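Enquirer: Okay, here's what each chain looks like letter by letter:
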Amino acid sequence: MSKQPFISVKDLSVGYNSRSGSTIEVLRNVSLDINRGESIGLVGESGSGKSTLALAAMGYFKRGLRALAGSAHFDEIDVLALNRDELQKIRGGRLALIPQNSGQSLTPTMRIGQQINEALQLHSKVNARQFQSRVIELLAQVRLPDPTALITRYPHELSGGQQQRVAIAMALAGEPDALLLDEPTTGLDVTTQAHILELLRELAQKRNMAMLYVSHDLGAISRVCDRVVVMYAGEIVLTGTARQVLLAPRHPYAHGLLTSIPRLNQTSLPLALDGRPPMPGEAINGCAFADRCALVDEKCRTTPPDLHPIPSGENVRCFKSDMISDMPALNVKAGQRNSARPDAESAALGLESLAISYEKKDWLSSLLTPGATPRPATVDAINIKIQRGETLGLVGESGSGKSTILKAIAGLISPREGVLTLHDDIILTPRVEDRPAPTLRQIQLIFQNPDDSLNPRHTVAQILAQPLRLYYSLSGSALHDASADLLERVRLGAHYLDRLPSQLSGGEKQRVAIARAFAAEPEIVLCDEVTSALDVSVQAAVLDLLDELKTQQGTTYIFVSHDLAVVKAISDRVAVLYQGRLCEIGPADAVYKAPFHPYTDVLLGAVLEPDPDIAPILSADDVVELSPPARGCCFQRRCPRKLGDICDHETPPVRELADGHVIRCHVPASDL
Amino acid sequence: MTSVAHQKLQTGSRAAVIFKDLVSRPSGSIGLSLVIFHVGLALISPLVVPFDYKLQNSALMLSQPNAIHWLGSDHLGRDVFSRTLMGGREALLVTGVATPLAVIWGGFVGIMFGLVGGRVDEVLMRIVDAFLSLPWILKMLVLIVTFGTGIEVLIPTLAFFYGIPVIRIARAATHDVIARDFVWAAKARGHGRVSIIWRELLPNVLDTLMVEGAMRWSWMLLAFSSLSFLGFGVSPPTPDWGLMISDARGFMSFAPWGVIGPVIALSSLIIGINLTADALAKALGIDRAQKAPM
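These protein sequences, in sequence, are chains Z and X. Per our numbering, the first sequence starts with residue 1, numbered consecutively. Per our numbering, the second sequence starts with residue 1, numbered consecutively.
If you're looking for bench data, these hints aren't it; they were derived computationally from the structure. Take these hints with a grain of salt, some might be off.
Unchecked claim - Some, not all, of what chain X presents toward chain Z, calculated at C-beta under 7 Å: (1) R89; (2) D181; (3) A185; (4) A188; (5) P203; (6) N204.
Treat the numbers as computed from the prediction; the structure is a model and nothing was measured. Glycine is no exception: its CB is placed at the ideal position from the N, C-alpha and C atoms.
Whole structure, please, built from the sequences with the hints as guidance.
Expert: Written out as structure tokens, the structure reads:
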């Protein structure tokens, strides 16, 4: 037995030289121990230094960064003292890294078998003759179906979850003693994510590996980790067991993070954690979290707290860890949703038998294959009436057609069939170019990633001027005042006008995007995954802002998200989509309660809550289908409740259970 | 303050930031000084040259460098130093006009191709590819032989042929931008095509085009000098580096001073432009290692 822990980071500081020559610290005096068979979760907002710490533990620094002080040992080897070649021997072999999107970084032109072979050649002692059987063994270990057939496939023939499994199999090729995971499930669908996490959990237990799991997702952390380390502004602020940290956090920051996460058992908005973390290099006199802390007092602003053990066993960097119980509890109703109930009398938007297909009618191919039946439409038979002042949530996995429907409403895609109506009486033309100006103004779109939806060459003033000029022909001081007013309404302020998007944080960018949408004073705002690219604390603030704007203006939202808890927090009504078909629609409370559509049930089961006591229920495969079935129920291939032939051949009836709650399923409602 | 004033302020400061970044890099400061030196020289050289560039003196034929004729004299007894100082004027004038023309027309067409997309774009790009696959000198010689060798022919010819590769670059840059959400957002708001091109696309494509323009300039200079070397560029007795190298090449074994001056001048200018283009790309944040122009 070794005296030292398996992975041991001691008093490590990491920094870079700024252009002005001063040294800026990204990590300050961080210590972390991981034993064999132990799995540690590293959490924090973006920029908290969690990835830097994880990479430094394997002796890797991003360009420009270097260790300033401290040490990092792996199995009693000082990784900071090793040279490139020596590090290479450890990395990938004894110490494997699974980065974010590693599934997508497989070589597209190489067969799966070859890629794993390559990893075996580099990192394992297996005899070359046994490679084939070892590859099959590895693929079976990550529970991929039919490994023998799989080795001849190319990465693009696999689903995202399967690719991620292959990446894990490659990491396991060298029989690592330690596994480093950097957001390994971010970007995957909820059901896939739950399956991958279960796999990682089992593997770590079976092989007695040390595991360091970096994620912003506390739900994922709660599934796989024994201990949790919370980081803030390059420092560790709280360490403890997963139960301690996630159920009764003893640091105000961890507490704030946990309250800002929307949960399925809540019916209202999560509480936002205001403010932003200090930038690296910013002068901090006292506690780094003081500016955002509810419990702050004079001492916190002048004296930096130490990381010290408290009686219950955690280590906390806070003077007030015994006062956390005064803060609002984690699980109860947090923020209030203020917005008024929708007006049931008047419709804002109607979707009537909407069908959308990306397949283009091509005269050449229709000439060559006459009479060929067109493939089933990407989105089909969508009938939804959205009331004025209502928030309709659209949920589903990737490929469920949520964003496609939004694009059709915005006029960016022409539907194959169906009619879109505004206020019951105006028929929206399919193409945005043909819509008259007053109609255009009524419907505005907010995108997922503000990095992509704000022109990087435009200042905030120029960004906001676009809709103000277009719809209201404002100029000069009127334009300036209107822009300043908009920024005020999204809680930014006129001094942001001269900034470029690159000078804003993620949350600020999304606020500018929201201000741009509201510049038109629209009646309907289409929100496409607007919080998915943001930190949880920022997400809560953005949800709160959207709700406030709705209260002021009576806006109607169509809110698309893959996150069921977020949708529940903000929506009056929720529609569940699978493969572009409506499975279930109804008031939010009804959809999240039995009776469920089997797909809703699967989705809800896979939701990861930041609570070690709530385990996901994995009732269906995480196989992703590429196109909807031609006949029958859209969910037939994955449904755990499938009745038989009827599901394959007949489209399920539209069955209204109660009060606008509709489920499309052959299974009798009493059994759902 | 009006918003228009805001915009000016901001674009001004971005240009200032990029310029500062550019000159703070060794390649940028060296390259830019070389370019400025050559452009300045071209402007003032008629005033500073010690001898008349066309003055022939048979007594001085191919004489060695000395205190009076610093770089010696050529086969007609003309002062090589004076001719070298003035030899870049024509080249800089022609390429200085032709390069912006090439970038503008190539950029415009490229953005259009990128916007139209689909089959039309595919077919048109194959035509562009076919054009690019022909040796450039052949294409140019055909035009020059047909229409003559004056500036009025050289400028459009160079601008035309050097605009074609710009099409590729501008099209690729447009493809990168056009799929981004801010273009969709502008479309969804109901902006017209012209407004989208002008406000959303152009500012994002401009960086690439600027670097591309700088690169094209150096290649065009080389092409122009080659044309002069072959006798299709500048007509004698106007001094030009390409022409001077061509004239002195026969005597290189015993009178190498005839080529050294123009060779150093031409290469230093081209190296200067290349260094500037490289530093500019870095200052603008364009990775030329990944997106090398063809």
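Enquirer: Failing hints, ascending?
Expert: Per hint list: single violation, 1.
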